[in-house]
Amino acid sequence: MSATTATLPSGGPNGSARLPARELLGVALQGIRTRRLRAALSALGIAIGIAAMVAVVGVSASAQANLLAEIDALGTNLLTVTPGQNFLGNNEVLPATSVPMIHHMGNVDNDVAVYQLSNENVYRTPYVPPAQTGGIGVDAAGDNLPQVMGTSMASGHFLNAVSSRYPEVVLGAEAASILGIHHVGSHLLVYLGNTWFNVVGIMKPAVLDSTLDSTVFISLPVAERLFQQQPNPSEIYVRANVNDVKPVSNLLAPTADPQNASGVQVSRPSDALEARAAAKGQFTTLLLGLGAVALLVGAIGIANIMVISVLERRGEIGLRRALGATRRHISVQFLTESALLAALGGLAGLLIGAGATEVYSVAQNEPFVVPLYALIAAPVAGFAIGAVAGLYPAIKAARLSPTEALRA
Amino acid sequence: MSAEVEKTEVLAEQPAVELPGTPPPIRRQPEGLAVRLDRVTKEYPGGVQALRSVTVEVAGRDQVAVIGPSGSGKTTMLTIMGTLERPTSGEVHVAGYEVGAASDGELAGLRAHRIGFVFQDFHLQEHMTALDNVANGMLYMGLGLKQRREAARFALERVGLANRIEFRPKQLSGGERQRVAIARAIAKRPLIVLADEPTGNLDSKSGVGVVELLHGLASDGATLVLITHNPTIAATFPREIQMHDGEIVADERS
Chain Z
1 MSATTATLPS GGPNGSARLP ARELLGVALQ GIRTRRLRAA LSALGIAIGI AAMVAVVGVS
61 ASAQANLLAE IDALGTNLLT VTPGQNFLGN NEVLPATSVP MIHHMGNVDN DVAVYQLSNE
121 NVYRTPYVPP AQTGGIGVDA AGDNLPQVMG TSMASGHFLN AVSSRYPEVV LGAEAASILG
181 IHHVGSHLLV YLGNTWFNVV GIMKPAVLDS TLDSTVFISL PVAERLFQQQ PNPSEIYVRA
241 NVNDVKPVSN LLAPTADPQN ASGVQVSRPS DALEARAAAK GQFTTLLLGL GAVALLVGAI
301 GIANIMVISV LERRGEIGLR RALGATRRHI SVQFLTESAL LAALGGLAGL LIGAGATEVY
361 SVAQNEPFVV PLYALIAAPV AGFAIGAVAG LYPAIKAARL SPTEALRA
Chain L
409 MSAEVEKTEV LAEQPAVELP GTPPPIRRQP EGLAVRLDRV TKEYPGGVQA LRSVTVEVAG
469 RDQVAVIGPS GSGKTTMLTI MGTLERPTSG EVHVAGYEVG AASDGELAGL RAHRIGFVFQ
529 DFHLQEHMTA LDNVANGMLY MGLGLKQRRE AARFALERVG LANRIEFRPK QLSGGERQRV
589 AIARAIAKRP LIVLADEPTG NLDSKSGVGV VELLHGLASD GATLVLITHN PTIAATFPRE
649 IQMHDGEIVA DERS
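Read top to bottom, the protein sequences are chains Z and L. Read in order, the letters of the first sequence correspond to residues 1 to 408 in this note's numbering. Read in order, the letters of the second sequence correspond to residues 409 to 662 in this note's numbering.
Simulated from the structure, these hints should not be mistaken for lab results. Predicted model only: the values in this text are computed from it and were never measured. Check before you lean on any hint, since a few could be wrong.
To be verified - List of simulated lysine to aspartate or glutamate pairs, EDC-like, C-alpha gap at most 20 Å:
1) L:K578 / Z:E316
2) Z:K246 / Z:E235
3) Z:K396 / Z:E312
4) Z:K246 / Z:E23
5) L:K554 / Z:E23
6) Z:K204 / Z:D143
7) Z:K204 / Z:E174
8) Z:K396 / L:D512
9) L:K578 / L:D611
Unchecked claim - One-sided excerpt, in silico: chain Z residues whose CB lies under 8 Å from chain L:
10) S16
11) N107
12) L319
13) R321
14) S331
15) A354
16) G355
Here a beta-carbon is modelled for each residue, glycine too, at the ideal position from N, C-alpha and C.
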């Protein structure tokens with residue numbers, strides 16, 4: 001009865017149906033190549049989505065890198081000593097002795113004290129109503145404030161030996177613009193505490209402590225003489241030795257006020273800025289969401305194209321089955337094709353997104369940064385999306401009856 | 409029992425993959441049965457019976473024409489012989505193997521290595537040269553491209569298209585296209601060639617050429633089963649099976 005019965009060879013190199021990975025790739029690429037326009041259009045959706053995400057990530061990373069570079073240039077060894085609050089919430093006062101005490105500390109490279117003259121305001125003329133202060137503060141400051149803050153003069157010079165004897169004033173960047181003074185000229189006067197002060201300089205913005213920007217500075221001797229008061233330091237800026245920032249920071253409070261160290265607050269402005277930089281690096285969630293929507297639309301587009309493609313290519317599918325393709329070969333072929341298509345879209349999106357970031361960073365004069373993970377994630381995400389989008393069409397193709405396909 | 413052992417040995421002595429070179433492009437067929445259908449019935453969803461308990465044997469190296477009106481079950485029988493479809497009931501043996509128990513992968517392997525198909529509308533891929541169309545016919549055998557192309561070149565020479573190797577289907581006449589399709593079917597040196605109205609889309613002159621070519625392949629050793637509507641073509645075959653309503657109504661040797 002079963003004279004001709006024998007079991008089929010299973011799995012061996014002879015007699016089994018095989019499609020090596022390299023051939024599979026060729027078959028999938030060929031499927032894309034022969035329908036170029038359609039492939040390009042369907043990959044475009046993925047490309048736009050990936051491009052949007054890469055650009056969002058790249059732009060924020062560039063902005064962050066820019067801020068960090070700025071902070072690095074300003075130095076991270078600046079420490080600020082300010083009066084704190086006691087446990088009742090009342091403001092403490094830094095003793096006048098804290099300035100020389102800190103000045104004589106070891107490992108302190110440079111230091112400067114600022115004294116807030118809280119009752120004084122500055123005006124262009126005496127006719128300005130006293131209430132219109134413009135929010136500008138008046139401080140007495142040491143000569144070396146710009147050096148310690150890592151900033152420089154936009155115009156003129158800072159306070160010097162002359163300034164300690166004559167009424168001269170230096171304007172912070174924002175204070176200058178509020179007062180409408182953009183560069184230093186001869187006989188440029190402002191009215192401060194019933195006295196005309198000669199404007200000798202305008203500072204550039206002090207990134208490490210932007211409160212200084214809306215302040216004008218006069219020398220301590222002039223302040224003492226003019227206002228008959230012995231102000232207490234409101235801030236002491238300290239440049240610690242780069243390698244000893246931590247120990248200096250720990251010693252500052254007890255040095256400033258040995259009797260009440262807890263009433264002294266020590267901070268490191270660069271820390272706050274770095275935190276801000278990190279916050280800036282967080283992607284704009286909304287834009288990322290838009291990118292995700294574009295990706296979803298792209299995935300649906302690819303699924304749609306693949307479904308149509310399966311219907312159109314029934315003949316090819318039937319032929320392949322006749323030539324010895326298993327159902328699995330067919331589904332893997334379509335899956336690979338769709339994943340490859342989307343991966344190419346992802347790659348294109350990466351290039352577009354990187355290009356957009358480049359344009360932005362050049363325009364903003366910021367460093368060009370695309371995070372490394374984006375380079376890998378973009379094509380991988382495309383590949384994965386394509387694989388998911390191709391799942392249904394691939395299963396559909398594999399289920400197609402070969403004879404139906406050949407008759408069609 | 410002894411017959412089973414003998415059959416297996418004969419098949420085993422033919423390495424499935426060895427290809428290019430000078431031997432005839434079709435594997436030597438052992439004496440014995442190439443195909444056997446035993447009370448095969450095929451029913452399609454909706455209750456249509458395409459085949460009704462068909463029993464037929466095709467000897468190795470035989471040449472059989474299948475003739476009959478449309479809807480008589482010719483193509484269904486051919487696709488069952490080609491393992492593209494499984495019968496609803498009955499036993500099918502192809503090239504010494506029982507098809508019923510085999511998995512999808514095993515049947516695909518059988519098709520890849522031992523069965524060549526020729527279709528009415530060629531099923532050539534338009535963007536590929538004749539050479540690559542033929543080479544693609546061996547895609548699922550696990551051969552490298554170079555090996556496949558070499559075998560394809562040989563097969564194209566065998567069908568008389570040595571000077572059309574780099575042509576694309578659009579640049580070829582209908583008869584030439586069908587010759588490419590035949591080359592694709594025989595390049596792997598199958599045991600069995602199944603042709604479904606290969607002359608259906610050809611003018612009578614090129615149709616005759618194609619049939620002559622297929623006859624010529626017999627001397628190379630393949631078993632040939634061919635469906636046709638054309639009695640003149642059927643008459644050129646040593647054996648003619650007539651079908652009607654899913655049954656074999658005549659089976660004659662001339």
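To see whether the hints hold, each was checked on the structure:
1. L:K578 / Z:E316: holds (17 Å)
2. Z:K246 / Z:E235: holds (19 Å)
3. Z:K396 / Z:E312: holds (12 Å)
4. Z:K246 / Z:E23: violated (62 Å)
5. L:K554 / Z:E23: holds (12 Å)
6. Z:K204 / Z:D143: Cα-Cα ~15 Å, so holds.
7. Z:K204 / Z:E174: Between K204 (chain Z) and E174 (chain Z) the Cα gap is close to 9 Å, so the pair holds against 20 Å.
8. Z:K396 / L:D512: Measuring from Cα to Cα gives roughly 16 Å; hence the hint holds.
9. L:K578 / L:D611: Judged against 20 Å, a Cα distance of about 17 Å means the pair holds.
10. S16: holds (4 Å)
11. N107: violated (72 Å)
12. L319: holds (4 Å)
13. R321: Status holds, d = 7 Å.
14. S331: violated (12 Å)
15. A354: A354 (chain Z) check fails; min Cβ-Cβ to chain L is 33 Å, beyond 8 Å.
16. G355: violated (32 Å)
Consistency with the previously given hints fails for numbers 4, 11, 14, 15, 16, ordered from lowest to highest.
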